[in-house]
Structure formats: structure tokens, C-alpha cells
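K.L.:
For the record, the sequence lines run as chains A and B.
Per the working numbering, the first sequence starts with residue 7, numbered consecutively.
Per the working numbering, the second sequence starts with residue 2, numbered consecutively.
Derived by calculation from the structure, the hints in this document are not laboratory data.
Note that the structure is predicted; figures quoted are calculated from it, not measured.
Even glycine gets a Cβ: it sits at the ideal position worked out from N, Cα and C.
Be aware that one or more of the hints could be misleading.
[Claimed, not checked] Rough simulated footprint, nothing fancy, chain B against chain A, three-plus residues with beta-carbon under 8 Å:
1) 100-113
2) 166-178
3) 192-199
4) 298-308
5) 312-319
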Amino acid sequence: MKKFQLIIIALLLLAPLSLVAQKAKHKGGACCATKETAANEKSTFSLGDMKDIPNVQLTNQYGQDVEFFDLIEGKVVALNFIFTSCKTICPPMGANFVQLQTLMKDRVESSELVMLTVSIDPQTDTPERLKAWSEKFETEVDWTLLTGDKNDINTLLKKLEVYTALKEEHAPVILLGKEGGENWVRTNGLANPNELAKTLNGFFEPKNDTRTGSTSNPDEMYFTNVELMNQHGENMRLYADLMKDKVVIVNPFFTECTGVCPIMSATLEKIQEHLGDKMGDEVHIISLTVDYETDQQEELEAYSKIYHAEKGWYFMTGAKENIEFALHKFGKKVENREGHDSVFLVGNVKTKLWKKVNGLANVDEIIAEVDSVIADSLE
Amino acid sequence: MQHRQSIALLLVLLFVLMGASGPVLLSQLTKQQLAGKDVYSKGIGVSEVKITAQMSGVSVPATVMACVNCHNADGSGNPEGGITPSNITWKELTKNYGGQLQNQRKRPAYTERTLRNAISTGMDPAGNELHSAMPRYEMSREDMDNLISYLKVLGNSGEKGVTDETLQIGVALPEKTNSPNDKSESLRQLVNAYIKELNNGGGIYNRKVSVQFFTEASAVDENELFMIVGEGSSDMEKAINQAQIPSLLSHSQKRTTQGFKNPYAFYVYPSWVGQSTSLLQFSKEKGMLSKGTTLTVLYEDIPSKKGVVDELFSHCKKHYGIEPTLIPMGSNDITEISQEIGDKDIVLYLGAPNLGNTLLKQLELNDKHPFILVPGSITGIDLYNVPDSFKNKVFVGFPTWPSERTPDAKKKYETLKAKYVLPNSWKASQWEMLSQLVTAEEILKRTGRNLYQEKVKENFETLFQYANGLSPALSYDLNRRVGSNLMYIIGFDSAKSQIKLITTLNSPEN
Chain A
7 MKKFQLIIIA
17 LLLLAPLSLV
27 AQKAKHKGGA
37 CCATKETAAN
47 EKSTFSLGDM
57 KDIPNVQLTN
67 QYGQDVEFFD
77 LIEGKVVALN
87 FIFTSCKTIC
97 PPMGANFVQL
107 QTLMKDRVES
117 SELVMLTVSI
127 DPQTDTPERL
137 KAWSEKFETE
147 VDWTLLTGDK
157 NDINTLLKKL
167 EVYTALKEEH
177 APVILLGKEG
187 GENWVRTNGL
197 ANPNELAKTL
207 NGFFEPKNDT
217 RTGSTSNPDE
227 MYFTNVELMN
237 QHGENMRLYA
247 DLMKDKVVIV
257 NPFFTECTGV
267 CPIMSATLEK
277 IQEHLGDKMG
287 DEVHIISLTV
297 DYETDQQEEL
307 EAYSKIYHAE
317 KGWYFMTGAK
327 ENIEFALHKF
337 GKKVENREGH
347 DSVFLVGNVK
357 TKLWKKVNGL
367 ANVDEIIAEV
377 DSVIADSLE
Chain B
2 MQHRQSIALL
12 LVLLFVLMGA
22 SGPVLLSQLT
32 KQQLAGKDVY
42 SKGIGVSEVK
52 ITAQMSGVSV
62 PATVMACVNC
72 HNADGSGNPE
82 GGITPSNITW
92 KELTKNYGGQ
102 LQNQRKRPAY
112 TERTLRNAIS
122 TGMDPAGNEL
132 HSAMPRYEMS
142 REDMDNLISY
152 LKVLGNSGEK
162 GVTDETLQIG
172 VALPEKTNSP
182 NDKSESLRQL
192 VNAYIKELNN
202 GGGIYNRKVS
212 VQFFTEASAV
222 DENELFMIVG
232 EGSSDMEKAI
242 NQAQIPSLLS
252 HSQKRTTQGF
262 KNPYAFYVYP
272 SWVGQSTSLL
282 QFSKEKGMLS
292 KGTTLTVLYE
302 DIPSKKGVVD
312 ELFSHCKKHY
322 GIEPTLIPMG
332 SNDITEISQE
342 IGDKDIVLYL
352 GAPNLGNTLL
362 KQLELNDKHP
372 FILVPGSITG
382 IDLYNVPDSF
392 KNKVFVGFPT
402 WPSERTPDAK
412 KKYETLKAKY
422 VLPNSWKASQ
432 WEMLSQLVTA
442 EEILKRTGRN
452 LYQEKVKENF
462 ETLFQYANGL
472 SPALSYDLNR
482 RVGSNLMYII
492 GFDSAKSQIK
502 LITTLNSPEN
């Protein structure tokens, strides 16, 4: 009875802080809080200046003293919150976090991404306890678990707005963002790790970033001049070299694709034939690989020869984040390469007329659509 | 009366003999259900292929997410972080009008087949997906069969040592000796008296308590015990954690391991090592021990004390920068040893209880008067018969002291003693045992009629400053396994010719 009263009092006092848990109760659907509410309630927030957290000195699972700000400075961060005696949601959260680490392994290894787990029960969770807990997940990836003085931890938790008075009331929250950045994401730590990875990837700057020019052209700002590489091994900027003042036909593909890609590429070959001299000057065909790992310059070159690609038909690959960024801008980003669609995007960059065309349709129908986009004018 | 007692003794003996000839199986679980219980509570199966749990594309060993984590030992569900796991007792799952989930969705009653399906594919009988926090488990057919057979009886306890009418408790006693004042026998009589009184009053929630006495650690596994009280040892701690039996023991010999490595063994007092180091700490505070001091540890050459001595050696080296001299001591070595010890030395005495005073006499003969530190739970010294020249040089440490006892508690003991004619010997040990029994009864009552060993363990972990009127207040938590860290340092007041309490301090257990 006493305990019950205590919980009620705590809930009243801390109503806004234990939002997720409460919400679940009020809906009478506590079981489904994660999937139906929390998961979809992905909110963004600004972490503000983490430097102003006074001396948050923490201890990692190896018993070493670390300073929170040192850990996250200049990095993309994934943060979750557990306590080792938590049985219901923390083990799944841990498993999810480990899977996210595996997906983001390269970023962790290159120290661009730091994955942190903070104990919300630092009095119980000694470094040894955290270490033993993390080892249950049998992961190889570098993962820092933190405990410390209760006051310090609470200061941090309050700053991150994940503090709850009762540890049992804590919600399965994960925070994703970049230190110093504005748009931190607060979301459900039990969400699909692939989704979380996608969100995390959005925080990385593309390599060789030439996007931030002094342009005021909205298209250029949208597509940016992210650098890609064509089948000849030449670097090309997405907007300036591939798209500016052109009509473009964009399709996703990969060289090892044996399903729809050969059909679409054959169709594109016929379109190339139809367009003749317009190719290169007025029109670019941009085939973007969805498998940058396999499709390096040589593979693309060999592939382009099969379909007799000539001037103005570019098969593009690039650094992971760059090619993914480009695909993303065309709405063509996929989790696995087989997931790409068979739709041509046909766009007149000058007039901003864009059409989606079924890449498996009759060639003549497609050519008619392409011609209509080329014929579009501003008048 | 005498006659009745001997019959009782015979009965007890018979019980022990039966226990020795083969385990007394009290649990109603079949072999298959027991195997299923391992899947449920540990995520461990009998097949070679390990059981895995999958969630949102993540696959982890099922040991990380065993069923019991969310659904509790009784299947009722353990709400946490906004998730309320379903009640998965068979009765609940198979109600013929089906079930309604908390989100108002309905499902038909489960059958064995649809339950298998739910566990492995995450679909309920209505074809709806289970909550995303419920993993999908991959396991062999055999493990699944075992699990299902256990799920059918889940919620009916089925815990070791528990039936509807009885509850079996193990009591660990020291080895029996031929002495007329045998410690083991004194304690046995006290326990029998206490349990009889308890059962006469209705037992614990209508279950009669039966007691299984034992001395060897191996008995922990061989008997169907729900809980254990008594004297501990490192071997016993291991056996207890293996068998997952919540236990309240007086103290360990080596330092007590923290809760996450030692979930089930709870101790009332600091370990032998902890008690010894408290005395060293005391001697340092009083200026007896400093960096140049020669420290000698005299010990009885038996395995339990040898282990303690080794831990003490590294402790002294680490904390005081001293490498103590370790000398095993039998009755024939006293003359030689007393020559080796210097007048300004400190002796930590862990020898046999009956040799302490002989040693002091021999030292006095040699005109040597080192400080003598005696951990009272490990050995003993008769302070009243200490040579005069040692009166202010002998200090005994005890983890408890009669001043802790309340009048009510004293009355309780005296009533038992009178009614059951308890022996006068080993009174301090009887008090300790009584204290453990009272605490154990309290914990069992807090756990309720629906007894689960896991719940008992968790209830121990919530004890905070629990005082039973017999021992210092006990506190445990998820890490803490020593209930009271107090040490009372006792000396001899030569002016008044009586023993006196010098100070109390906290034993540095970890």
C-alpha cells in the first residue's frame, strides 16, 4: 500500500517526466505503448550546449574515469539508458543497441560515431556489473557503458530529459544526434535497428562535401553537388555536372541484378538510340547503383559496354554516404539492393517538370513520356 | 520429557538417514516440466542447439531474455517502462471465451499448437502479431515440448521443497563432535524447538515447516530445499548459487562476493576475512599498527582457515604495506612460536579456540607481550583467564553484541529454552541461529502463500535496516550480501575485572 502511494505521489510530482509510461497507463493499453505510440512519436529536439553540464565525471565499464563531453565531442552519438537489474525492457533494448552497433560498425571503428549506454541506477550498477551485463550480448563492437555518482548521473539525465524518479518508470528511449547539432532525435529504443541506423546515417556529413556552395538555386541546394564517380572513373558533381540545365532520366540499378535491371537497361539503350544527338547536350541518363560495394568503376564500365552506352549516359557510384545521399535525394534509397524499384524519374531541370515512368512499360510509351518532358518549356 | 526428546531425536536421525539414502522428492514437477522450467527461467534447453530470441531482426541468446524476465516466476507479468507483459498462466491462456488484450483486441483461446506458434512466430491465435517487445524464440522441438509442459503448470509454484501443506527448509550445521556440549547438537535442539513452536501456531501460511539438517555443501543439491539458513562456507555458497536456493547464512569465510556474482547467498555478518581486517583497522586507528610493525598471523592448519589467511596476506600488503608472517599452529608448536614473536609485534590469532590462553601463558613466560587480535567468530580466547600482563593487550572482535537484544527477543528465547529444555552450552550461537530463523520466517511471510525462490531472493534485497531484536539491523540490496557490517571490539577492564566494549566499527567487506 505504501509503495503504491509512493508511486502515485511520484507520478503526480513528475507527471511530465514519465510521459511515456503514463500515457500508456491512461490509454489502458500499456502493452502497446512502444509500438503504437512511442515508436511513432519520434520527436526532435536540441540538445543545447553539452559543455555547460558541470563536471559530469563518469566511470566506464572498465572502471576508468571519463568525462561525458569528451566522449561525445564532435561526434555523432547514440545514447540509451538502462539499469542492469531491469528485466523487461532493458535486455531487448540492449540487444537492439548491439544490433545497431553491428550495422554502424564502420562508423564506430572510424570514431565518427560513439555508442553510449548510461545506467539510470548508478548506485547499484558498478562498473563490474555493467561489464557483465554488456557481455551477455556477445558483441565485438566497441561500446561504452557509463555509471557514476548518482547526482552527476541525474544531472545528465535531467539535461537529456530522460530522468524519472523511479527507475522502473523509465521509458525505452534512445537519443540520436550529433554533438553541437540541432536536430537530435528522441525515439523508441525498441524500434527496428535498421530504422535507427537510417536516422543515424542522416547525421553524417557526406565525404568530399562540395555541397555548400554560395548558391541560391533551390534545386542546387536540394540536390547539392555531392561528388559521385562515373563508369570512366571521372568524378562528377550531382547537380552541376549531371543535372544542371538538362533533362535527366534517373534509374536505380546494380550490375549483378538479373531481374528488372537488364530489361530497364535495354529500354534505356533504345531511348539513347532514339535521342541520338540530344544525348549529352540536352539529355543525361543517370543510372545510380544501389550496390556501391560491388559496383566500382570497372564493373560499371563493363556493364555500360553491354548496353553500348555512349555520351551522356552515366553509370554512377561513389563513397557510401555520397551515393546513398544521392539515392536518398531521388527517393531511391533502399536497405538492401534487391529492394530498388523499377521506376524512371524523368525530369526537366530547367522547367522543374518531373515525371515518374514505369521502367518496365513498352519502350514506345516511355519514349513518348520522355519526349513530352523534353518538350516542356517555361512559356 | 527426556523420553520424548529421544524419540524426536530418533525421528530426526531417521530423516537424515533417509536423506542420505536418496533425495526426498517433494516437488510435483515431472522431469519434463523441470526441463521446461529451465527454458522458462534461464533460457537454457537440453538440446545442443542453443535457444535464441529474436526481436526486430536482432537475434540474441535466450539467456538474455528468458521468459521469466517479463512474465515473472508465476506467469503474472512484470510491468516496466510502459510495457505490461501478458499473464501467461495456462488458465488465462485457455479460457474458452478467449482473451482480450490491453489494446482491446480479442483472440480465441490458446491451444497447445497455437501457443507453440505464438512463441516461435509471434502470432496469436487470431493471427495478429504479438507485442513488439515479445521476442520470437527459436528452439528445438524437444525444448519446445518441455517448455509447453511447464507452461501448463506455471503459476502452481512447483518450486523445490514446497507442497500445498509443507515447506522444507535446510539448516546448515557445524560438524557433530563427540563432546557432551556439542555445538551442532545445541543448535539442532534450538531449531527443532523454534520450528515446532512455529508449526503449532499454524506454520507459514498454513504450510508446516519441515527441517533438513546437513553439514556438507553437497547436501544443498541432493535435497529438495526451498530455503537454507545456518553456517556458510565458500563451497556452500557455490552450491547454493548453482541450485538457486535463497539462503541466509551467518557469514562466509573468504570475502563475500557481490550480489550479481552471488545472487542467492545472503550473510548476516562480515566474512572471516572482513572480521579480521576490522581488527587490523582498529589496531591501526589506535596506533598499534604502523608501517614498520611486524605482524604475525597464527592459524589452525585447516583448509577453511588457510584460504582466509591467504586473502589476509594480500590485504595487509595492499592496505598497510606489510607482509605478515603466516605460521600454522598446533599444540606442539606453541613453545617454538612464542620464541619467534617479538615483544612489540601484533599477533592476529586464528588458531584453535582451546590454544589461545596456552599461547598467552607461554608468551608471558618468555617475557613477550605483543598485541593479540582475536576475531571472535573464528576462534576464541577466555578473556577472564588472560594473564595479568596481557590485560590491555588482547582485543576480541564480534559481529554482534548482547546490547542489540531487545527485552522481547530475550523473552522469546527464554520461553523457548524453558519449554523445550534447551542446553546451556553454545548460547551465543543459539542466539545467532534464533536470529536467522526469525529473519527467515519474516522473509517467507513477506513473500506470501504463493512461494517462489526468486521472490524470496528479491525480498531479501529490499530489506533495509531490518531489526529483529536479536542482531544488528540488516540491510541488503542488489549488490550487498552482508546484512550488517558492524564489528564490536571487546577488551578487558582490569580495574573492574570485567570485559568491556571498546568501540564499534564498520567492517570493510569489499
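K.L.:
State for each hint whether it applies.
P.N.:
To see whether the hints hold, each was checked on the structure:
1. 100-113: Holds, because 5 residues of the stretch 100-113 of chain A bring their Cβ atoms closer than 8 Å to Cβ atoms of chain B.
2. 166-178: Per the Cβ count (5), the hint holds.
3. 192-199: Contact hint for the stretch 192-199 of chain A vs chain B: holds, 4 residues under 8 Å.
4. 298-308: violated (count 0)
5. 312-319: violated (count 0)
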